[in-house]
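A.B. asks: What follows is the residue order along each chain.
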Amino acid sequence: MTQAQWRRRVFKPVVWLACLAPAALLLYNGFQGDLGANPVETITNTTGIWTLRLIVAGLAITPLRWATGVNLLINYRRVIGLFAFFYGTLHFLTYFILDHQLEFGGLWDDVVKRPYITAGFTAFVLMIPLAVTSTTGWIRRMGGKRWNLLHRLVYITALAGVLHYFWKVKLDATYPIYYGIGVAILLGIRLWRNYGPKLASKQ
Amino acid sequence: MLIKKTADLRESDVTPKETFLRRRDFLAAAGSTAVAVATNGLGFTGTPTASAQNPAAQKLANLKKSPFSTDEKLNSYKDITTYNNFYEFGLDKADPGKYAHTLKPKPWSVVVEGQCAKPGSYNIEDIMKYAPLEERIYRLRCVEAWSMVVPWIGYPLSEFLKRFEPTSKAKYVEFKTLVDTKQMPGQTEPALNWPYVEGLRMDEAMHPLTLLGLGLYGEVLPNQNGAPIRLVVPWKYGFKSIKSIVRVRFVETEPINTWKQQQSAEYGFYANVNPQVDHPRWTQGSERRLGEFFRRKTLMFNGYGDQVASLYAGMDLRKNY
Numbered sequence: 016m017t018q019a020q021w022r023r024r025v026f027k028p029v030v031w032l033a034c035l036a037p038a039a040l041l042l043y044n045g046f047q048g049d050l051g052a053n054p055v056e057t058i059t060n061t062t063g064i065w066t067l068r069l070i071v072a073g074l075a076i077t078p079l080r081w082a083t084g085v086n087l088l089i090n091y092r093r094v095i096g097l098f099a100f101f102y103g104t105l106h107f108l109t110y111f112i113l114d115h116q117l118e119f120g121g122l123w124d125d126v127v128k129r130p131y132i133t134a135g136f137t138a139f140v141l142m143i144p145l146a147v148t149s150t151t152g153w154i155r156r157m158g159g160k161r162w163n164l165l166h167r168l169v170y171i172t173a174l175a176g177v178l179h180y181f182w183k184v185k186l187d188a189t190y191p192i193y194y195g196i197g198v199a200i201l202l203g204i205r206l207w208r209n210y211g212p213k214l215a216s217k218q
Numbered sequence: 009m010l011i012k013k014t015a016d017l018r019e020s021d022v023t024p025k026e027t028f029l030r031r032r033d034f035l036a037a038a039g040s041t042a043v044a045v046a047t048n049g050l051g052f053t054g055t056p057t058a059s060a061q062n063p064a065a066q067k068l069a070n071l072k073k074s075p076f077s078t079d080e081k082l083n084s085y086k087d088i089t090t091y092n093n094f095y096e097f098g099l100d101k102a103d104p105g106k107y108a109h110t111l112k113p114k115p116w117s118v119v120v121e122g123q124c125a126k127p128g129s130y131n132i133e134d135i136m137k138y139a140p141l142e143e144r145i146y147r148l149r150c151v152e153a154w155s156m157v158v159p160w161i162g163y164p165l166s167e168f169l170k171r172f173e174p175t176s177k178a179k180y181v182e183f184k185t186l187v188d189t190k191q192m193p194g195q196t197e198p199a200l201n202w203p204y205v206e207g208l209r210m211d212e213a214m215h216p217l218t219l220l221g222l223g224l225y226g227e228v229l230p231n232q233n234g235a236p237i238r239l240v241v242p243w244k245y246g247f248k249s250i251k252s253i254v255r256v257r258f259v260e261t262e263p264i265n266t267w268k269q270q271q272s273a274e275y276g277f278y279a280n281v282n283p284q285v286d287h288p289r290w291t292q293g294s295e296r297r298l299g300e301f302f303r304r305k306t307l308m309f310n311g312y313g314d315q316v317a318s319l320y321a322g323m324d325l326r327k328n329y
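Going down the list, the protein sequences come from chains A and B.
Residues 16 to 218 in our numbering are what the first sequence spells out, letter by letter.
Residues 9 to 329 in our numbering are what the second sequence spells out, letter by letter.
Excised from the complex, chain A in its bound form:
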């Protein structure tokens, strides 16, 4: 097979399946009645954590390219990002439908009043323009530079997502801190690459 065929026939389906697996498992367990005593909580937690995981995975692509020189990784960033948005949407809808029964007033009260909701809502809303402009047509229309600039919003989404998780846990902050460290490293690498050499040369 040519490289293009490998990409189309092997890598792409693998990435899709990997991204869909958590949702499929959730659905399967749901129909088995196996989501635990509090299924709504299980659904919320699972969709939430996979949103964050995929955001981290998406943020890891560029540093991995730099480190390995495997540029073909970039082909999977869009699908990973869109799946992050998919899980984020499920997460948000679970909360909006089951906790607020689609009432905007209650949602807004929460967003204004509760820092962990403010952070989570911010993270989610900022993903919307990124999902909308994810198509090749939009990249062309916007131009690479402006498109790249807009898509840096994902940095805020990542940070807000970690904060959302950190503020939500009752006691054990271990995992939110792991994710925080992960995001900090991935953003730090970018900062260093963009500004590090300049800073170093000034000294």
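Among the clues, some could well be false.
Chain A side only, calculated, beta carbon under 8 Å to chain B, not exhaustive [to be verified]:
{"#": "1", "residue": "G51"}
{"#": "2", "residue": "L113"}
{"#": "3", "residue": "Q116"}
Distance windows between CB atoms, simulated [as the list claims (entries may be wrong)]:
{"#": "4", "chain 1": "B", "residue 1": "D314", "chain 2": "A", "residue 2": "Q47", "range": "38 to 44 Å"}
{"#": "5", "chain 1": "B", "residue 1": "A317", "chain 2": "A", "residue 2": "E118", "range": "27 to 33 Å"}
{"#": "6", "chain 1": "B", "residue 1": "K305", "chain 2": "A", "residue 2": "L97", "range": "34 to 40 Å"}
{"#": "7", "chain 1": "B", "residue 1": "T196", "chain 2": "A", "residue 2": "N86", "range": "45 to 51 Å"}
{"#": "8", "chain 1": "A", "residue 1": "G152", "chain 2": "B", "residue 2": "K81", "range": "51 to 57 Å"}
{"#": "9", "chain 1": "B", "residue 1": "Q315", "chain 2": "A", "residue 2": "I171", "range": "47 to 53 Å"}
{"#": "10", "chain 1": "B", "residue 1": "A64", "chain 2": "A", "residue 2": "M16", "range": "54 to 60 Å"}
List time: in silico BS3-like cross-link candidates among lysine-lysine, alpha-carbon distance up to 30 Å [as the list claims (entries may be wrong)]:
{"#": "11", "chain 1": "B", "residue 1": "K101", "chain 2": "A", "residue 2": "K185"}
{"#": "12", "chain 1": "B", "residue 1": "K101", "chain 2": "A", "residue 2": "K183"}
{"#": "13", "chain 1": "A", "residue 1": "K183", "chain 2": "B", "residue 2": "K327"}
{"#": "14", "chain 1": "B", "residue 1": "K190", "chain 2": "B", "residue 2": "K101"}
{"#": "15", "chain 1": "B", "residue 1": "K81", "chain 2": "B", "residue 2": "K106"}
{"#": "16", "chain 1": "B", "residue 1": "K101", "chain 2": "A", "residue 2": "K128"}
{"#": "17", "chain 1": "B", "residue 1": "K101", "chain 2": "B", "residue 2": "K86"}
{"#": "18", "chain 1": "A", "residue 1": "K183", "chain 2": "B", "residue 2": "K86"}
{"#": "19", "chain 1": "B", "residue 1": "K112", "chain 2": "B", "residue 2": "K190"}
{"#": "20", "chain 1": "A", "residue 1": "K183", "chain 2": "B", "residue 2": "K305"}
{"#": "21", "chain 1": "A", "residue 1": "K185", "chain 2": "B", "residue 2": "K112"}
{"#": "22", "chain 1": "B", "residue 1": "K67", "chain 2": "B", "residue 2": "K190"}
{"#": "23", "chain 1": "B", "residue 1": "K327", "chain 2": "A", "residue 2": "K185"}
{"#": "24", "chain 1": "A", "residue 1": "K128", "chain 2": "B", "residue 2": "K305"}
Don't read these hints as lab results, they were simulated from the structure.
Every value quoted in this text rests on a predicted model; they were computed, and no experiment measured them.
Positions of the beta carbon are idealized from the N, C-alpha and C atoms, including for glycine.
Please arrange chain B on chain A, whose structure you already have, making use of the hints.
C.D. replies: Positioned in the frame of chain A, the structure of chain B alone reads:
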């Protein structure tokens, strides 16, 4: 704040033998659940029965009915025994159900001390007989905004405490949970300051709704629910209802309970269920009853206001959260 090390696999992580041996029952049950789900919808099938669920557990008979019981739909034995906050066995709600088999509720004794005429050590077999056992079906509201309906068994805490003849200096009563890392492996992590401590004002402790919990669903308490002896204080958030008690002390000053030690801005001594006073981070105005999709409104004092509101007359419940 807790930053936990990643736990290595422990002996307790291994599937217990009896569970392993029953794995086919589990599959069969899963199969029938699947059928039930197909007819009833996603995962909300709970059809609780009041019959005994654990063949090995000691049954409790001749239970008095209580006028304090609610007639709301019970949560299933499975819900009640697989969704527990009992950090002595791990922080996940499924952990106690998996790991609490290491607890040995027999032999068990409770040390009574402090401001009373009859301090001493009392064993569980005797304690079980201090008063006739009753079934009390209570709502349980967790501070995390979920709730259950549980058919507890026990007798009024006042029947227990009176026997030790508390003196006039006994203004509060403090309770402590067992500390034993062999029986409670979660205590190897500094998740909370062990032992778990709780307390009640004397009038709260003596209130007829306050139950000394000794069983549920017609049997002695399952380990994960705080065997063999616990409190059940239905108008307060669940964390007040301390589990696996080994020490009772009558004291003059307000005990500093574990969650207050942990985060005093978020958890207080009184911890009365109060929809008007939110947790600093989340609402207490509503809750999710396990088994229901949508949230329901939380009731003042968890719906026990008629009986207990007078205990707090004149108190600012915003300050005394």
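A.B. asks: Next step is simple, just say for each hint if it's right about the structure.
C.D. replies: Cross-check of the supplied hints:
1. Using the Cβ-Cβ criterion of 8 Å, the hint placing G51 (chain A) at the interface with chain B is satisfied: the shortest such distance is roughly 7 Å.
2. Given hint, L113 (chain A) at the interface with chain B, holds; its Cβ is 6 Å from that chain's nearest Cβ, closer than 8 Å.
3. Interface restraint check: Q116 (chain A) against chain B, minimum CB-CB distance 6 Å, threshold 8 Å, status holds.
4. About 42 Å separates the C-beta atoms of D314 (chain B) and Q47 (chain A), a value consistent with the hinted range of 38 to 44 Å.
5. A hinted range of 27 to 33 Å for the beta carbons of A317 (chain B) and E118 (chain A) is consistent with their spacing of about 30 Å.
6. About 38 Å separates the C-beta atoms of K305 (chain B) and L97 (chain A), a value consistent with the hinted range of 34 to 40 Å.
7. Taken as a hint, the range 45 to 51 Å holds for the pair T196 (chain B) and N86 (chain A), whose Cβ atoms sit roughly 47 Å apart.
8. At about 54 Å, the CB distance of G152 (chain A) to K81 (chain B) agrees with the hint of 51 to 57 Å.
9. For the pair Q315 (chain B) and I171 (chain A), the beta carbons lie near 50 Å from each other, so the given range of 47 to 53 Å is met.
10. Remark: the range hint 54 to 60 Å for A64 (chain B) to M16 (chain A) is upheld by a beta-carbon distance near 59 Å.
11. A C-alpha spacing of about 12 Å is found between K101 (chain B) and K185 (chain A), which places the hinted pair at or below 30 Å, so the restraint holds.
12. For the hint linking K101 (chain B) to K183 (chain A), the alpha-carbon distance of about 16 Å falls within 30 Å, and the restraint holds.
13. For a cut-off of 30 Å, the pair hint linking K183 (chain A) to K327 (chain B) stands: about 23 Å separates their Cα positions.
14. At most 30 Å may separate the alpha-carbon atoms for a hinted pair to count; K190 (chain B) and K101 (chain B) meet this at roughly 20 Å.
15. Straight-line distance between C-alpha atoms of K81 (chain B) and K106 (chain B) comes to about 26 Å, which keeps the hinted pair within the 30 Å bound.
16. The straight-line distance between the Cα atoms of K101 (chain B) and K128 (chain A) is roughly 27 Å, inside the 30 Å bound, and the hint therefore holds.
17. With a CA separation close to 13 Å, the supplied pair K101 (chain B) and K86 (chain B) stays within the 30 Å bound.
18. At most 30 Å may separate the alpha-carbon atoms for a hinted pair to count; K183 (chain A) and K86 (chain B) meet this at roughly 26 Å.
19. Restraint check for K112 (chain B) and K190 (chain B): the C-alpha separation of about 10 Å stays at or below 30 Å, so the hint holds.
20. The suggested pairing of K183 (chain A) with K305 (chain B) holds, with an alpha-carbon distance near 21 Å, which does not exceed 30 Å.
21. For a cut-off of 30 Å, the pair hint linking K185 (chain A) to K112 (chain B) stands: about 29 Å separates their Cα positions.
22. Between K67 (chain B) and K190 (chain B) the alpha-carbon distance is near 27 Å, which keeps this suggested pair within the 30 Å criterion.
23. About 21 Å separates the Cα atoms of K327 (chain B) and K185 (chain A), which keeps this hinted pair within 30 Å; it holds.
24. Distance restraint check for K128 (chain A) and K305 (chain B): the Cα-Cα separation of roughly 19 Å lies within the 30 Å cut-off, and the hinted pair is therefore satisfied.
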